[in-house]
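Q: Below, each chain spelled out in residue letters.
Number of protein chains: 4
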Amino acid sequence: MDLQAAINTTNQYLKNAFKNMTDEMQISIQNCSVCHQVCVQTMVHCIEKGGAHVAPEHLKQLIDCAEICSVSANFMTRNAELYPSVCRICADICESCATSCEQLGGNDDVLESCAEICRRCAESCQKMAVRH
Amino acid sequence: MDLQAAINTTNQYLKNAFKNMTDEMQISIQNCSVCHQVCVQTMVHCIEKGGAHVAPEHLKQLIDCAEICSVSANFMTRNAELYPSVCRICADICESCATSCEQLGGNDDVLESCAEICRRCAESCQKMAVRH
Amino acid sequence: MDLQAAINTTNQYLKNAFKNMTDEMQISIQNCSVCHQVCVQTMVHCIEKGGAHVAPEHLKQLIDCAEICSVSANFMTRNAELYPSVCRICADICESCATSCEQLGGNDDVLESCAEICRRCAESCQKMAVRH
Amino acid sequence: MDLQAAINTTNQYLKNAFKNMTDEMQISIQNCSVCHQVCVQTMVHCIEKGGAHVAPEHLKQLIDCAEICSVSANFMTRNAELYPSVCRICADICESCATSCEQLGGNDDVLESCAEICRRCAESCQKMAVRH
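Residue numbers (the working numbering), protein chains in the order written: chain F, 210 to 341; chain R, 210 to 341; chain H, 210 to 341; chain P, 210 to 341.
Here chain F stands alone, though its shape is the one from the complex (with noise of 0.2 angstroms):
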């Protein structure tokens, strides 16, 4: 099967499953969804690159927004009552993160690309976490 049609027809069965929420709710959803995917993946990546890319404190922020990321996403999905707290938190840890890659990444699309992902998700989480 063609990979951008399958692409299409998975994210037509998200728009089903959330077409009763706002397009700021899924949109952060998504975000938080392919950010916790591109900071595992990034994780990957650094472990096998090694050198500064394994810095403790670089590999903790990509596990740490992978984790949340992924949480944050559930917390949304579920309309439960304390997600906007868990956005704040993910925005925060989204941004720490991304500076991290910034910082790293030079010359490295994997990190450049997980920092714009991580700038966006974050970005997306704020508002969801000062609407309410």
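No lab work stands behind these hints: they were computed from the structure.
The structure presented is a predicted model; accordingly, all values stated were derived computationally and were not measured.
Chain copies aren't distinguished; within one or between two, either way the pair holds.
Okay, derived cross-link-like pairs now, DSS-like style, lysine-lysine, Cα gap no bigger than 30 angstroms in a straight line:
| no. | residue 1 | residue 2 |
| --- | --- | --- |
| 1 | 336 | 224 |
| 2 | 224 | 258 |
| 3 | 228 | 258 |
Please build the complex by placing chains R, H and P on the supplied structure of chain F, with the hints as guidance.
A: Relative to chain F, chains R, H and P alone:
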């Protein structure tokens, strides 16, 4: 921000992060990720609907499926040594969950849609399981 | 093997692994870990019992509490930068979950016991949250 | 509060919650829960130590083991239909992780201790896998 534009952008981050993977692996990760989210959402739907929707075996299927899909996606993303074994269990659990949703969900769009993504995820996970 | 002997042995592994932490941190991690397990077990109990036990707000509290306790334990175990923030949310969610279990659980030992460990976890997480 | 007294108390909550399970199941859940925590702690130890301790295959073993132990404990706690399959994978991954810790950890107490709880967890999970 427009929802579709946001989804397209985040999908681009995923594609960048996973560019060294086969299309089949990427599709399987995407299916697991979306199946996880849809199962979490469906569980809340069933809990809020009550009645037959909160039958213990049904809710437990949704909980199991949500959890294993998340793990399966993570194992593939890390290219973990034993991801094929995790994918095999994930395929089995997705099949059971799909059947549970179908048996319950005559006129319930949410359950029908959940059954579909579970079948789709079972199929792609099965491919990742037998291949290795 | 005898259950109590097995538990004593595994506790010894925990103590070795966490020997550089303060007693308060170890107690908080232990409370979060046990509270997670008890909430998962209580959720299944409620699902199987049905009736008032599957009230949406109650089940959602148990799900939220199980998830955040697991994350809170992980953040403390990693000595993650923002563990105090995660502990603060964890304390709030444990309090809510305890109240939900108490209101429902007049004669139900499982719910009473869940409420107690939730209160205990809330208390130790609150200490980890304000300290930093 | 005294650490040992606190641990004894929380263990009592676990015993109450799991009183309808066989001793073997309770031991296996406890082993998975503790093995998860020890692997998370060991991963941080290795990241902070650097050098051979951050070899990609070693860190990936610890990450896989921490994740599957958590899931295995949850599946047993819920008495999930397919917990034996999850326990079988968990046993395999714990074995691999133990070997990785042993090969690396000549004089490193943390790694030796991690290897021991991994072996113990593998053994009890294997029992839960073949029994059903």
